[in-house]
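Number of protein chains: 4
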Amino acid sequence: MVNTEELLQMLKEIAEERIPFNKVLGLTVHSLDEEHMQVHFNMRDELVGNFMRGNLHGGVISSVLDLVGGMNAWLGVMKQMKESNLDELVERFIKIGTIDLRVDYLRPGLGKYFTSSGNIMRTGNRVSVVRMELQNDQEQLIAVGTGTYIVG
Amino acid sequence: MVNTEELLQMLKEIAEERIPFNKVLGLTVHSLDEEHMQVHFNMRDELVGNFMRGNLHGGVISSVLDLVGGMNAWLGVMKQMKESNLDELVERFIKIGTIDLRVDYLRPGLGKYFTSSGNIMRTGNRVSVVRMELQNDQEQLIAVGTGTYIVG
Amino acid sequence: MVNTEELLQMLKEIAEERIPFNKVLGLTVHSLDEEHMQVHFNMRDELVGNFMRGNLHGGVISSVLDLVGGMNAWLGVMKQMKESNLDELVERFIKIGTIDLRVDYLRPGLGKYFTSSGNIMRTGNRVSVVRMELQNDQEQLIAVGTGTYIVG
Amino acid sequence: MVNTEELLQMLKEIAEERIPFNKVLGLTVHSLDEEHMQVHFNMRDELVGNFMRGNLHGGVISSVLDLVGGMNAWLGVMKQMKESNLDELVERFIKIGTIDLRVDYLRPGLGKYFTSSGNIMRTGNRVSVVRMELQNDQEQLIAVGTGTYIVG
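Protein chains in written order, with the numbering used here: chain G, 1 to 152; chain Y, 1 to 152; chain D, 1 to 152; chain Z, 1 to 152.
Bound-form chain G, shown alone (with noise of 0.2 Å):
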């Protein structure tokens, strides 16, 4: 059996160092447990979509929401693996991609800063099913999103 905190400490590195795009988001992982994570960002010039408003791209949430959905998948097949050894893991890990994503865009995009977390639907054997939010540094829902991810 595997040292859950190692691994959910490989699971930050790997969202947050290992992923380029994620560095170009400027990433980072919090408050990450076997039930729960939030990724957080900052806003940062590169980022806004309308050049008028300042607010950020569309494909800058949906980017957050996707990663915040997959890393969720991934803590519900880990939970259903606790007698797995570290192999069976990565061989599973390693499978996880998104099927598809829809995205509700509710407020413009505004902020300091972002947070981003997802709950689990569904844990299947081969789907797995989490709806995400993001929010801004008022607490304000600025996106939805429900992911539908392949886990085996």
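What the hints contain is simulated information worked out from the structure, not anything from laboratory work.
Among these hints, one or two may not hold up.
[Said to hold, decoys possible] In silico lysine-lysine, DSS-like type, Cα no more than 27 Å apart, as pairs:
1. K23/G to K112/Y
2. K95/G to K112/Y
3. K79/Z to K95/G
4. K12/Z to K112/Z
[As the list claims (entries may be wrong)] Chain Y stretches covered by chain Z per the calculated footprint, using a threshold of three residues with CB under 8 Å from any CB of chain Z:
5. 34-45
6. 98-108
7. 144-151
Yeah, the Cβ is synthetic: ideal placement off N, Cα and C, and Gly gets one too.
Chain G is fixed; fit chains Y, D and Z onto it per the hints.
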């Protein structure tokens, strides 16, 4: 009435130069006329999502599809506003926004370059619906999407 | 100003009695107040999709989620129109329509009866977004959905 | 190997006769071959959603699109299983299910009859993606949709 050629040139300039996050993605707008347009971008290291496979980040794909959907929504509106002056057009243009976006990830985003285009399903007074797709340099379908845009 | 109780009673009557396809589904509206509502229906032979497993047809599920989304969209609008008279309310009510709907099928729709409710994500001047869910008599989550509604 | 004609005839029979809710909708399957199929149904009083305008209930539209998506997903799988025997085909057939469905409502569903067909975007080992559309008797596009199906 407005010179359509000039208007399309402005649209291209806004998409390529005035949206900061589009510059991060390295997007260029090709074959833009009143009916069609195509977005083109090259694979680059910072657009990678999976460091082991080297494929496009899902967020890059959704960003591009959203832009293509929004530009097509605007082309549809422009067609209905042929008799309008520039002020009316600008007033309408700045109202356009994405309501929601669905992206279906069909194949890993592998290739030297990618192209994306869209088809308008309906241009309404308030809402337009566009279907988009993304292909790689082998003309393989990498992703499809559907976007709903507020247009009035 | 209009009596809210009467208005809610009218809404219930329209949903249950005046929408022919809802009668086919056998829907009833429960616990309807200004903030919440719940739709209830019993399993019946003609609602079956898979004759071998005896579960709900996917179309029944999406029909119910769409109704619940639309009714919640209307509750959100009503809340913003507290000072309006009946004519203004009716004029607004008949404008409501579904722009798009996403349904995630989580588990086979097995049970003696089912309930569905929703949460408003945002009530805008033109567009509202609602998240819905459907549970069976064991309170298992059968499906979730997200609907976008034109409201003005 | 199985006689394709017989298999398609079985598929038509299942869709029309063995799925109770499809009988409520009054669906018939037309022009079914290995590549294409079309579903047809007539407007009837009990399919109405808006009693004032007399248009199709949104749930009828999503029900039909889901069926068309699922049947297309199956046609895609059948094409890849040309060398298989009937047992293998049946085993695969009963695994098919809708993961999620997106429906875009473009115009009020008015007409004497309606037709629906689909295009397979990708047939994978586990997941297939289909785009569907619904037209009225004037060949106006009433709705489009995208469905994701588990196929293995």
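>> So, against the hints stated earlier in the document, which numbers end up violated here?
In response: Hint check: 5 fails alone, others pass.
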